[in-house]
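**Student:** Single-letter residue listing:
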Amino acid sequence: MPKPAGIPKPPKAPKLGKLFRKPLSESDFQRKILKAIEQPQDREFLSRSFEAKNGVMVPKPGLDAKAAARIGKLGKTILANRGLLKAGPLIATTLVAGGVAVYGAFFLNSSLERLIELALESIFEARADVIGLRFDPIGMDFSMSGLTIADRDAPMTNLVETGRVALNLNPEALLLGRVHIEEASVSTIELGTTRSFPGSLPGKTPKLPEVEQESPVGPPLVDLAAFDAKALLERELDKLSAPEAWTDAGEAYDTAKSEWTARADTSRLAVVRMKESTRAALAIEPAKIANAADAAAAIAKVKEAIDATKAASAEAVAVAAGVAADIETARSLERMAREALSTDLAYLLSLVDFKSGAAAGVLEPVLREVLSSKAETALYYGRRAYEAAIKIRELALKSRPDSAGESAAMDRDVSKGRDIQFKSSWPVFRLDRLGASFRSGDDEWSTILEFVSTDPDLVPGATALSLGWKRKPSAIEAKGVADLRSSSSDAFAVRFSASAVPFDLTEQLAAAGLDRLIGIADISGSVTGPKVGGFVATATARASSLDVLASNGTIGSVVAGALDRAGVVNAEFEWTSVPSGKDSFKASTNLDGLIAAALSEIADKYAAKARMEIEQAVSEWATDSLTPLLGSKSSVESLLGAARGDEKAVGELRVALDRKLADLEARAKTLATGLLPGLPTLPTLPSLKP
Amino acid sequence: MFIKKLARLIVALNSNVSRGQIAAGIATGVLLALVPSGNLLWISLFFVSFMTKANYGMTMLVMGIGKFLVPILARPIEGLGAWLLRMASLRGLFERLYDLPVLPLTRFNNTLVMGGLAVGLLLWAPLFFGMRALIHAYRENLAPKIAGSKFVKAFFKIPLVQKLAGAVSTASRLARAFE
Chain G
1 MPKPAGIPKP
11 PKAPKLGKLF
21 RKPLSESDFQ
31 RKILKAIEQP
41 QDREFLSRSF
51 EAKNGVMVPK
61 PGLDAKAAAR
71 IGKLGKTILA
81 NRGLLKAGPL
91 IATTLVAGGV
101 AVYGAFFLNS
111 SLERLIELAL
121 ESIFEARADV
131 IGLRFDPIGM
141 DFSMSGLTIA
151 DRDAPMTNLV
161 ETGRVALNLN
171 PEALLLGRVH
181 IEEASVSTIE
191 LGTTRSFPGS
201 LPGKTPKLPE
211 VEQESPVGPP
221 LVDLAAFDAK
231 ALLERELDKL
241 SAPEAWTDAG
251 EAYDTAKSEW
261 TARADTSRLA
271 VVRMKESTRA
281 ALAIEPAKIA
291 NAADAAAAIA
301 KVKEAIDATK
311 AASAEAVAVA
321 AGVAADIETA
331 RSLERMAREA
341 LSTDLAYLLS
351 LVDFKSGAAA
361 GVLEPVLREV
371 LSSKAETALY
381 YGRRAYEAAI
391 KIRELALKSR
401 PDSAGESAAM
411 DRDVSKGRDI
421 QFKSSWPVFR
431 LDRLGASFRS
441 GDDEWSTILE
451 FVSTDPDLVP
461 GATALSLGWK
471 RKPSAIEAKG
481 VADLRSSSSD
491 AFAVRFSASA
501 VPFDLTEQLA
511 AAGLDRLIGI
521 ADISGSVTGP
531 KVGGFVATAT
541 ARASSLDVLA
551 SNGTIGSVVA
561 GALDRAGVVN
571 AEFEWTSVPS
581 GKDSFKASTN
591 LDGLIAAALS
601 EIADKYAAKA
611 RMEIEQAVSE
621 WATDSLTPLL
631 GSKSSVESLL
641 GAARGDEKAV
651 GELRVALDRK
661 LADLEARAKT
671 LATGLLPGLP
681 TLPTLPSLKP
Chain Y
691 MFIKKLARLI
701 VALNSNVSRG
711 QIAAGIATGV
721 LLALVPSGNL
731 LWISLFFVSF
741 MTKANYGMTM
751 LVMGIGKFLV
761 PILARPIEGL
771 GAWLLRMASL
781 RGLFERLYDL
791 PVLPLTRFNN
801 TLVMGGLAVG
811 LLLWAPLFFG
821 MRALIHAYRE
831 NLAPKIAGSK
841 FVKAFFKIPL
851 VQKLAGAVST
861 ASRLARAFE
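Chains G and Y, in that order, give the protein sequences. Once you know that position 551 of the first sequence is 551 in the numbering used here, the rest is easy, because the numbers rise by one and skip nothing. Once you know that position 75 of the second sequence is 765 in the numbering used here, the rest is easy, because the numbers rise by one and skip nothing.
Treat the hints as calculated values from the structure; they're not laboratory data. Check the hints yourself; a few may be wrong.
With the C-beta cut set under 7 Å, the calculated list includes, among others, these residues of chain G facing chain Y [claimed, not checked]:
| # | residue |
| --- | --- |
| 1 | 38 |
| 2 | 77 |
| 3 | 85 |
| 4 | 86 |
| 5 | 89 |
| 6 | 170 |
| 7 | 173 |
| 8 | 176 |
| 9 | 179 |
| 10 | 415 |
| 11 | 417 |
| 12 | 418 |
| 13 | 420 |
Taking lysine to aspartate or glutamate and the EDC-like style, the derived pairs with C-alpha atoms no more than 16 Å apart in a straight line are [stated by the list, open to error]:
| # | chain 1 | residue 1 | chain 2 | residue 2 |
| --- | --- | --- | --- | --- |
| 14 | G | 35 | Y | 830 |
| 15 | G | 230 | G | 620 |
| 16 | G | 423 | Y | 830 |
| 17 | G | 275 | G | 304 |
| 18 | G | 423 | Y | 789 |
Treat the numbers as computed from the prediction; the structure is a model and nothing was measured. We treat Cβ as the ideally placed atom computed from N, Cα and C, and that holds for glycine.
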């Protein structure tokens, strides 16, 4: 039906917003609306815009659209001011959580890789590379396809390189912010592999290798059947003390000669001049002096001569005393040099005098060298592992409430605060067990590392490393325990055993005439080290199936025969290393007895001849090489004789002059008495002395 | 950015935004400034404040300024934290908390975190009520006088200020829509 034309549309009631759709009582309007409005002018506006009708507040008629819009806006503000929580941030939180999940899926692994690398780099002070890390936060499984840690002290070498590493983490520990690896497995472990690029870190310089203590060198065994005394003397020259002692004595004579020759000549010349200058004074005859004036003039002349001799006579005395003192020193050194020659002769003779222990003296350094070269790598890795364990512990203990140097640390850490570690049953890091068992060619390797922790007191056992190697029929087993717990006094203890391990010694026994010795060894022993440093190592070894493949000289063939007859060599070692002290190494072996017995047979036959030859060689050496070192001796002795002659001549001259002066004074007194009779006798003049 | 935040603050002060929300924003901003970031405690506090109706802009502004000033107070805050963490009477409690899941991730055992939290919590209520009263007094008494002054009227006639006011009102509308 069409609408009638000309009727105006009724005005639309303005919309005031949902807050004002339902009518509000007067009290509700006051409480919920007006009280929620903060601006006084807005409150006033709202009061003006509503009126009470039948107990409820309704908009006043005639509100225009502008007023309605203002009321709507104020309504929205009132709603926004109500309540405590907002809906919008919930959406934002969901978005953030989604972002974190995306980050985890794409970037968590790479971030963890870098974190682990940084942690390892701070412990080992060299580059660490984690390859192909995967972390499953739900299953708490963690794996990496490889790990390399460079050697700080050899940057082109890896300290360790592993194959696949899988870890099983304890989720409870992660919620506590700690890392607890319950079980870890490594597919392969290789030590000392070569790197393609340097693994050094900036600011982390390699530690200088410790200066190795020089191994004590035992006396060499001398092959008497092919004995050459001169060759022995040449070979042992470095160990003899006579050359140095003779050189010292010769230098003393040379120094005396160069120091005194010129001075003695000058002194002698002065004495000659003195003799000439005093000749006139000494020629005066007191009896021929006739008057007092002549006597006085003669006395003055003699006194002048006495004064002139003073300097020359003092110099002559000084030269004689100086030359005598220096020659005495040189003679003393000469005596010592001759004693040194006797000692050297005795030493050389001892080399052909085989007694019990002579072979041991040779073998001890050899055995020590063999042991230390074999144990060197193990000790190096052991030291590095111990260093790393100590570093982890230090890092963990640094912020303990009872840690030392706390006030000093405060200044440094105030901007970041300090983490106070409370007593807890959870260490910051804990590894219960890491196992690796793999084959490499014919070799079977097994490694188990247990209880590595930042707080060793919170794990049930000491840090232990067990190593096993097998290649049929040989086997080596070792278990090292580094006990960092506060209750333990020992820092580490290692027990090892090796069975049926073939050995092949080539250069080490050359001193005993053996160029190559092979056999099978069974060794067992232990190494323990207290926390203060150093270690004590003991080992028992049994070598069997001995076969000398090459030997040289009489000694070599004799020792080879002795070893063949014995068949088995037993040995016991004890090696004690004291920090900043001298190592002690003791070895006892039946090899010593075997060799000594074999050598004594040769000694009986050749020793007397050898002794004679040595004495003759030393005598010739002393005559030809040592005595010429004292070339200045005769010159210095002549110098002393001349100086003493000068000293004597000066003394005699002084006496003559003194006597002449006394005679002249007596003559003068006589002349004076004759001139003035009756006068008392003049007092005697005191004699003048230099 | 800073000018915009400041302008929004002036707008909020002169609008009908609840004075409680602004006061809570200021107090929370101080708390977030005092507690070092980068730990679960700060993240939790941030999310809680983000979800409440405390004025977010005010929180951010006060926290931003506070983060510059807090290093000056680091030493006494750190000292207070250390004192609290070493208190014999609280030691048992802290040891229990230290062995509870998640809580160690808050790093409450850090002296600066503990000190900042303690100072922030102590200041929260006085700041909240104090600021609430101040805002009320400002809105009732001071704001009408300022708005009516010739200087302010002339200031708002400057073209740059007008543009800025426009931008701020747009930003305010966006922020309100987000809330």
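**Student:** Against this structure, judge whether each hint is valid.
**Tutor:** How the hints compare with the structure:
1. Of the supplied interface hints, the one on residue 38 of chain G holds, with its beta-carbon coming within about 5 Å of a beta-carbon of chain Y, less than 7 Å.
2. Hint status for residue 77 of chain G: holds, given a least beta-carbon distance of 4 Å to chain Y, under 7 Å.
3. Because the closest C-beta pair between residue 85 of chain G and chain Y is about 6 Å apart, less than 7 Å, the hint holds.
4. Because the closest C-beta pair between residue 86 of chain G and chain Y is about 5 Å apart, less than 7 Å, the hint holds.
5. Because the smallest distance between the Cβ of residue 89 of chain G and any Cβ of chain Y comes to about 5 Å, under 7 Å, the interface hint for this residue holds.
6. Because the smallest distance between the Cβ of residue 170 of chain G and any Cβ of chain Y comes to about 12 Å, over 7 Å, the interface hint for this residue is violated.
7. Because the smallest distance between the Cβ of residue 173 of chain G and any Cβ of chain Y comes to about 10 Å, over 7 Å, the interface hint for this residue is violated.
8. For residue 176 of chain G, the shortest C-beta to C-beta distance to chain Y is roughly 5 Å, which falls under 7 Å, so the interface hint holds.
9. For residue 179 of chain G, the suggested interface contact is broken, since its CB lies about 12 Å from the closest CB of chain Y, more than 7 Å.
10. With 7 Å as the threshold, the beta carbon of residue 415 of chain G comes within range of chain Y, its nearest partner Cβ sitting at about 6 Å, so the hint holds.
11. A hinted interface residue such as residue 417 of chain G counts as satisfied when its beta carbon comes closer than 7 Å to some beta carbon of chain Y; here the least separation is about 3 Å, so the hint holds.
12. A cut of 7 Å between beta carbons decides the hint on residue 418 of chain G: the least distance to chain Y is about 5 Å, and the hint holds.
13. Taking 7 Å as the C-beta cut-off, the interface hint given for residue 420 of chain G holds, the closest approach to chain Y being about 5 Å.
14. For the proposed pair residue 35 of chain G and residue 830 of chain Y, the alpha carbon gap of about 13 Å is at most 16 Å, so the pair holds.
15. Pair hint residue 230 of chain G plus residue 620 of chain G holds up; C-alpha atoms about 10 Å apart against a cutoff of 16 Å.
16. A threshold of 16 Å between alpha carbons decides the hint, and for residue 423 of chain G with residue 830 of chain Y the separation of about 56 Å lies outside it, so the pair is violated.
17. Taken as a hint, the residue 275 of chain G and residue 304 of chain G pair is honoured in the structure, with Cα atoms around 14 Å apart against an allowance of 16 Å.
18. With a C-alpha separation of about 9 Å, the suggested pair residue 423 of chain G and residue 789 of chain Y falls inside the 16 Å cut-off, and the hint holds.
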